[in-house]
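Since the structure of chain B is already known, use the hints to place chain Z on it.
Residue numbers (UniProt numbering), protein chains in the order written: chain B, 1 to 313; chain Z, 1 to 272.
Each hint should be verified, as a subset may be incorrect.
Unchecked claim - Within a straight-line C-alpha distance of at most 20 Å, the following computed DMTMM-like cross-link-like pairs (lysine to aspartate or glutamate) qualify:
| id | chain 1 | residue 1 | chain 2 | residue 2 |
| --- | --- | --- | --- | --- |
| 1 | B | Lys214 | B | Glu202 |
| 2 | Z | Lys260 | B | Glu201 |
| 3 | Z | Lys2 | B | Asp132 |
| 4 | B | Lys87 | B | Glu56 |
| 5 | B | Lys174 | B | Glu160 |
| 6 | B | Lys87 | B | Glu57 |
Claimed, not checked - Non-contacting residues of chain Z with respect to chain B, defined by C-beta distances greater than 12 Å in every case (computed):
| id | residue |
| --- | --- |
| 7 | Arg38 |
| 8 | Ile89 |
| 9 | Ser158 |
| 10 | Gly169 |
| 11 | Lys260 |
What the hints assert, rightly or not - Which chain B residues stay away from chain Z? Per the calculated CB distances, all over 12 Å, these:
| id | residue |
| --- | --- |
| 12 | Pro46 |
| 13 | Pro63 |
| 14 | Ser73 |
| 15 | Ser89 |
| 16 | Arg96 |
| 17 | Leu122 |
| 18 | Tyr207 |
| 19 | Ser219 |
| 20 | Leu227 |
| 21 | Arg228 |
It is worth saying that the hints were derived from the structure and are not from the lab.
In this text, a Cβ means the ideal position worked out from N, Cα and C, and glycines have one as well.
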Amino acid sequence: MAYFIRRLAAAVPVLIGITFIAFALSVASPGDPAVELLSMNGFSQPTEEQIAVKREEMGLNDPLLAQYGHWLSKALQGDLGTSYMTKESVSGELLRRLPATLSLSLLAVLFAVLLGVPSGMLMAIRRNRLFDHIGRALALILVSIPGFWLAIMLIALWSEKLQLLPTSGYGTWKHLLMPAVVLASGTGAILMRLTRAALLEELNKDYMLTARAKGLRESFIVLRHALRNACIPLLTVIGSYFGAIVGGSVIVEVIFAVPGIGRFAMDGIFRRDYPVIQGYVVFTGLIYVLFNLATDLCYGLAHPQIRLGGKLR
Amino acid sequence: MKMSYRAAAGLLAFVLLASLLAPLLAPYDPNQINMAQRLAPLSSVHWLGTDTLGRDVLSRILYGGRVSIVLALAVTLATMLVGLLLGTISGYAGGWIDEAIQIVVSIFQGLPGLALMLAIAGTLGPGVKSLFVALLFTSWADFSRVVRGEVMKIREESYVEGTRALGAGHVYIIGRHMLPNLLGPLIVLFTIRIGRVILSIASLSFLGLGLQPPAADWGVMVNDARPYFRSYPHLMIAPGLCIAAVSLCINWLGDGLRDKLDTRTEKEHSLL
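The shape of chain B in the complex, shown without the other chains:
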């Protein structure tokens, strides 16, 4: 129990820090929020007087810390402000767009696991053989290719040449296929290497020797003993990658026109719509922290040793 409480408590300063960074962004922005808001309203040139009134109304003349407190207390109630552009609630829009990003990320993690874990296992079993060499080269290539470039190449091949998949948009599973592959390529490659490393570590341990000495079949040893133990560190990594993928989906959402939260953030950035940018940072940070927390808690459940206060290795 102490472990869970400790993990939960550790997440609190992280969340406060994230909100602070998000707030600091608007302070660091070069423009005056009052001017941005007024000019978006249709006034092309707001007068000095209008700006002064608006500044007072938005609380921009208060001390910074007071502004932060005010903003934070609203954020805690789920109110991340309203978009300058659309005049609609930022958190509402983020929640509306979340399913698109989440389904994309889930599919991407699934692809990454399907690519990374089996091939990483085979690489470890066939260490320094042809399959291992090819796998390592492939992993290196996959982490080195820029995602945006891979995305456009895939569109050229599957949509324009073969005409099998839609170029962009959202709605059917076909729309998600290419963006998920692009998102999965880098993560899948890293998972390949991690699986290989984790399994090799297990295969070199003493209990493997015992198992072999007992005369157990090699396939049984690998699947039943080594893989099971290697799975635990892998699961935590997969959990934290899911959070990272949610935050990293911006590029593919823009290229494939997926109406997710990343696309919303990019629109916000180009329109200097600061509440949207802030909301996006808080939102993705929250998702990231929650996923890391969930993985840690599962980890604790799986390891009585940790749950009871022991240290992890």
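What follows is chain Z alone, placed relative to chain B:
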């Protein structure tokens, strides 16, 4: 060093040299617009053809890595210094100082890097300065964590204890024992980071938040070429391959360096 790593180092040296000597090698001014020569095919006059504004693609390719590579080096160096400083203090001092720094580190590690990078670059407005700040903010924490881990390990070594018993000061111990031991992991981490930073710069430039057109930059060139991809695919394939090749060589080299210099922290680094 194995053959394959030598090949990577050679290819990387070739690209760096070509970028460095771009003013001498490039047949044309990379920003010279020539509307009469728009989208010219590959020829002996323009080896890689021209783009939509009639600019020579080969010249732009040669110039296209310069800003990104120099910026990546500068950012990674700055990141390393910040990470080294905070990581050493954190790991060496321990106690509440360590805890305070670790809270800040956990905040920065608790944010998805790309999301924060976009938000910072987008808020500060596009340009080299915002890129620098955005990249520094999102990558120092990883560096400091690795440094802290190493410092904490070395701190417990008996030779450090021995030196301390002989009356050595903190500065002497850090300078004489910590830093030399950190060199291996740092070189590996530095190499791997540069590869990632180059990809990040290209991605941000592609999104319109990094280097701006008409700059001759690979990421910008990929974006410029998108509308013409169907008829003129080489306009996009060429700069894309350059980014991929540079980052591949660096990652490859990083792998080789890791095998040679740093066997202890393999698992942490294999996260790339």
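Status of the hints after comparison with the structure:
1. Lys214(B) - Glu202(B): 17 Å, holds
2. Lys260(Z) - Glu201(B): Holds, at roughly 19 Å.
3. Lys2(Z) - Asp132(B): 17 Å, holds
4. Lys87(B) - Glu56(B): Measuring from Cα to Cα gives roughly 19 Å; hence the hint holds.
5. Lys174(B) - Glu160(B): OK: Lys174(B) and Glu160(B) at ~15 Å, within 20 Å.
6. Lys87(B) - Glu57(B): 16 Å, holds
7. Arg38: Since the minimum Cβ distance to chain B is about 21 Å, Arg38(Z) lies beyond 12 Å and the statement holds.
8. Ile89: Per Cβ check, Ile89(Z) is outside 12 Å of chain B; nearest 19 Å; holds.
9. Ser158: 22 Å, holds
10. Gly169: 31 Å, holds
11. Lys260: Holds, because the least Cβ-Cβ distance between Lys260(Z) and chain B comes to about 16 Å, which exceeds 12 Å.
12. Pro46: Pro46(B) is indeed farther than 12 Å from all Cβ atoms of chain Z, at 21 Å.
13. Pro63: Given a closest Cβ separation of 21 Å, the condition holds.
14. Ser73: Holds: least Cβ distance 20 Å, greater than 12 Å.
15. Ser89: Given that every Cβ of chain Z is farther than 12 Å from that of Ser89(B), nearest at about 19 Å, it holds.
16. Arg96: At about 18 Å from chain Z, Arg96(B) clears the 12 Å cut-off, so the statement holds.
17. Leu122: 17 Å, holds
18. Tyr207: The claim holds: Tyr207(B) sits with its nearest Cβ about 20 Å from chain Z, beyond 12 Å.
19. Ser219: Non-interface label on Ser219(B) holds, nearest chain Z Cβ at 26 Å vs cutoff 12 Å.
20. Leu227: Given that every Cβ of chain Z is farther than 12 Å from that of Leu227(B), nearest at about 17 Å, it holds.
21. Arg228: Given that every Cβ of chain Z is farther than 12 Å from that of Arg228(B), nearest at about 19 Å, it holds.
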